[in-house]
Amino acid sequence: MLEVRDLCRELGAMRNRVLDEVALEIRAGEFVSITGFSGSGKSTLLYLLGALDRPSSGIVKLDGIDISLLDDDARATLRNEKLGFVFQFHFLLPEFNVLENVMIPMLRRGKRSRSECQRRASEVLESVGLGELLARRPHQLSGGQQQRASIARAVANDPRIVLADEPTGNLDSKSGLAVMQVFEHLVRAQGLTVVMVTHERTFAARTSRQLEMQDGRIIADIDQRDD
Amino acid sequence: MSRIVVFIALRQLWDRKLLNGIAVLGVALGVLVLIAINGIMQGFQVKFLDNILRISPHVTIFDKQLRPEASILTRYEDTFVAAKVAHESPSDRQLRIARPTEIVRAAEQMSGVQAAAASLVGSAVLVLGSKQYPVDLRGIDPAKQDQVTPLSAYLVEGSYRTFSAASDGIILGSGVASRLGANLGDVIVCGSGTGDRLNLKVVGFFDAGIPPVDNSRVYVKLRNAQVLLGKPDVVGRIELRLADTDSAPRVSDSVERMFGYDAESWQETNSNFLGIFAMQNTIISFVVGAILAVGGFGILAIQIMIVLQKTRDIAILRSVGFHRNDILVGFLLQGAIIALVGAAIGDLVGHYVVLALSHLKTHQEGLVKSEYFLVRDDPRFYWYGAAFALTVGLIASMIPALRGSRVEPVDVLRGQLG
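Protein chains in written order, with my numbering: chain A, 3 to 229; chain B, 7 to 424.
Calculated from the structure, these hints are not laboratory results. C-beta atoms are modelled at their ideal positions from N, C-alpha and C, and glycine is treated no differently. Take the hints with a grain of salt, since some may be wrong.
[Unchecked claim] Below are the DMTMM-like pairs computed for lysine to aspartate or glutamate, each with C-alpha atoms no more than 25 angstroms apart in a straight line:
#: 1; chain 1: B; residue 1: Lys-23; chain 2: A; residue 2: Glu-97
#: 2; chain 1: A; residue 1: Lys-63; chain 2: B; residue 2: Asp-213
#: 3; chain 1: B; residue 1: Lys-137; chain 2: B; residue 2: Asp-152
#: 4; chain 1: A; residue 1: Lys-63; chain 2: B; residue 2: Glu-371
#: 5; chain 1: A; residue 1: Lys-176; chain 2: A; residue 2: Glu-134
#: 6; chain 1: B; residue 1: Lys-375; chain 2: B; residue 2: Asp-213
#: 7; chain 1: B; residue 1: Lys-137; chain 2: B; residue 2: Asp-192
[Claimed, not checked] Covered by chain B, according to a simulated footprint, are these stretches of chain A (three or more residues, beta-carbon under 8 angstroms):
#: 8; region: 45-57
#: 9; region: 216-226
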């Protein structure tokens with residue numbers, strides 16, 4: 003589903019090579035974790051997979067389309083329709099309540115009517131355990147709840163793949179575990195594909211496939227399902 | 007424009023009520039000033055021009071020939087003897103319009119000319135008892151003159167019919183009458199330096215609402231003026247009334263060409279006032295423009311601040327699939343809404359200010375006489391206000407909107423995550 007070949011990314015005036023000829027293939031339904039030290043290129047890889055950034059060279063193909071060749075608007079549309087993001091910080095819009103935050107990407111897509119969006123959003127929020135808190139503003143939620151709302155937003159618009167950048171990095175272990183369980187549930191119950199960058203080895207160990215990066219290269223790729 | 011962009015823009019505006027409210031007030035103030043100042047200025051100008059145009063002829067033909075006949079000495083000799091006669095006495099060349107009746111008739115046939123009337127203008131002194139008062143004497147043909155400058159409409163006392171019928175009637179401006187202490191039926195001695203004295207009977211008072219005119223002008227019959235000024239059979243002016251007042255300069259030009267006498271449109275006659283008005287309007291435009299620009303800077307400053315604060319939110323919207331244009335339109339929309347809400351408030355308050363001013367009792371007696379403060383409530387000003395505000399709002403929010411639309415989500419994410 004997602005295919006990466008010879009992917010390089012150089013950053014800054016010094017043309018620092020953050021990613022060095024990375025090759026990777028992710029299949030539908032996988033729960034992939036990427037670990038590695040700071041600066042190993044995890045986040046950079048994730049942004050490139052998510053069409054948030056353009057590679058210096060190489061190819062990122064999603065469903066057979068090379069997304070690195072798309073222009074700005076086309077990449078935005080692609081993010082809206084095929085990708086879901088969860089970041090370390092919740093990144094919910096403060097002016098909108100939880101339900102509206104989840105609805106916004108769907109409304110932008112315009113595939114569903116407003117009432118359908120509303121139904122879908124509350125359904126997804128229910129499934130991540132926030133069914134009671136739809137009308138709350140983000141600042142009225144705990145860190146774990148905020149992060150689960152972000153997951154709901156990422157999932158509600160039926161993405162092909164969810165990209166998570168240290169989703170538990172800012173949470174205590176209990177809330178982090180709850181977030182992990184939400185991901186696991188979505189992968190198992192709905193066949194969602196998730197790529198998660200994380201620092202935490204215990205969470206990485208729970209995923210179906212574990213990548214490890216160092217100096218811009220993937221140095222380990224352990225697929226548990228192959229075993 | 008997608009509905010979600012409108013929805014987000016409205017919510018973001020509403021969520022910063024205080025800041026955006028300040029921007030709205032800035033715009034409202036500009037629009038309010040635009041309406042109030044224009045109302046006051048136009049109120050005065052329109053009233054003044056209105057009065058001027060009713061009591062003054064639209065085109066006046068003067069007794070000055072544009073191609074004067076050669077001096078008598080040069081005419082006498084076939085060969086050139088003298089081109090210039092020094093110290094020629096003015097009486098040697100009496101100024102007059104030759105064949106006035108024909109010119110009046112010809113002028114009346116011109117297209118756009120409604121009426122024409124011959125008259126003679128001069129200075130005279132009125133004496134009533136022990137009081138003397140110098141006046142601007144107008145000798146007119148009552149019936150014709152009333153068609154050119156509807157004098158009968160301004161008569162506050164007496165009767166125009168009596169004036170037309172009587173051979174020795176005089177109509178006084180209201181200011182002249184009060185200065186002389188004259189009443190209807192009084193007999194006034196009237197004289198000038200050059201002609202005979204006449205005893206004239208006061209048959210009416212007029213009030214044109216223009217103090218300079220009301221305080222100086224009197225009307226007598228043309229024949230009496232000619233006797234008083236010692237200019238028998240002389241016509242000094244022919245005045246025209248036009249269907250379209252704006253055509254006066256054009257008519258004036260063709261009259262000059264046709265009859266060979268100097269002619270002047272009302273615009274020329276009042277060019278000093280029109281010049282002042284034009285200057286006033288320019289100054290007002292600058293002032294109002296400056297105030298609206300300040301309102302625009304208000305929007306600019308507040309929106310730039312909001313865009314800087316919202317960089318993270320813009321990055322979120324971009325990462326979930328919003329295009330650059332969505333962000334641009336969203337901020338422009340906010341600027342437009344601030345401008346339009348400000349314009350609506352400015353229009354509403356401006357309307358009440360104009361209304362309140364128009365009920366303000368004043369006694370003004372300068373160029374225009376009025377019991378109330380003169381303001382003009384022209385619906386166009388409200389549209390101008392709204393249009394100006396919208397333009398200013400859109401221009402002002404263009405910079406923040408462009409800035410917002412250039413936010414790269416990945417830059418924000420890298421910054422946040424270290």
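Does Lys-63/A pair with Glu-371/B here, judged by a C-alpha cut-off of 25 angstroms? The given pair, whose Cα atoms are some 85 angstroms apart, is violated under the 25 angstroms limit.
Take a quick look at whether Lys-176/A and Glu-134/A sit within 25 angstroms of each other, Cα to Cα. Status holds; Cα separation ~20 angstroms.
For the pair we were handed, Lys-23/B and Glu-97/A, check the Cα-Cα distance against 25 angstroms. 12 angstroms, holds
When you check the alpha-carbon spacing of Lys-375/B and Asp-213/B, does it fall within 25 angstroms? 10 angstroms, holds
Would you mind confirming whether the straight-line C-alpha gap from Lys-137/B to Asp-152/B stays at or under 25 angstroms? 30 angstroms, violated
For the pair supplied as a hint, Lys-137/B and Asp-192/B, confirm whether the alpha-carbon distance does not exceed 25 angstroms. Holds, at about 13 angstroms.
Are the Cα positions of Lys-63/A and Asp-213/B separated by 25 angstroms at most? Status violated; Cα separation ~91 angstroms.
Outcome, coverage of the region 45-57 of chain A by chain B - at least 3 residues whose beta-carbon is closer than 8 angstroms to one in that chain: holds (count 5)
How does the region 216-226 of chain A fare against chain B when you require at least three residues with a CB closer than 8 angstroms, holds or violated? violated (count 0)
Violated hints, listed in ascending order, are 2, 3, 4 and 9; each of the other numbered hints is respected by the structure.
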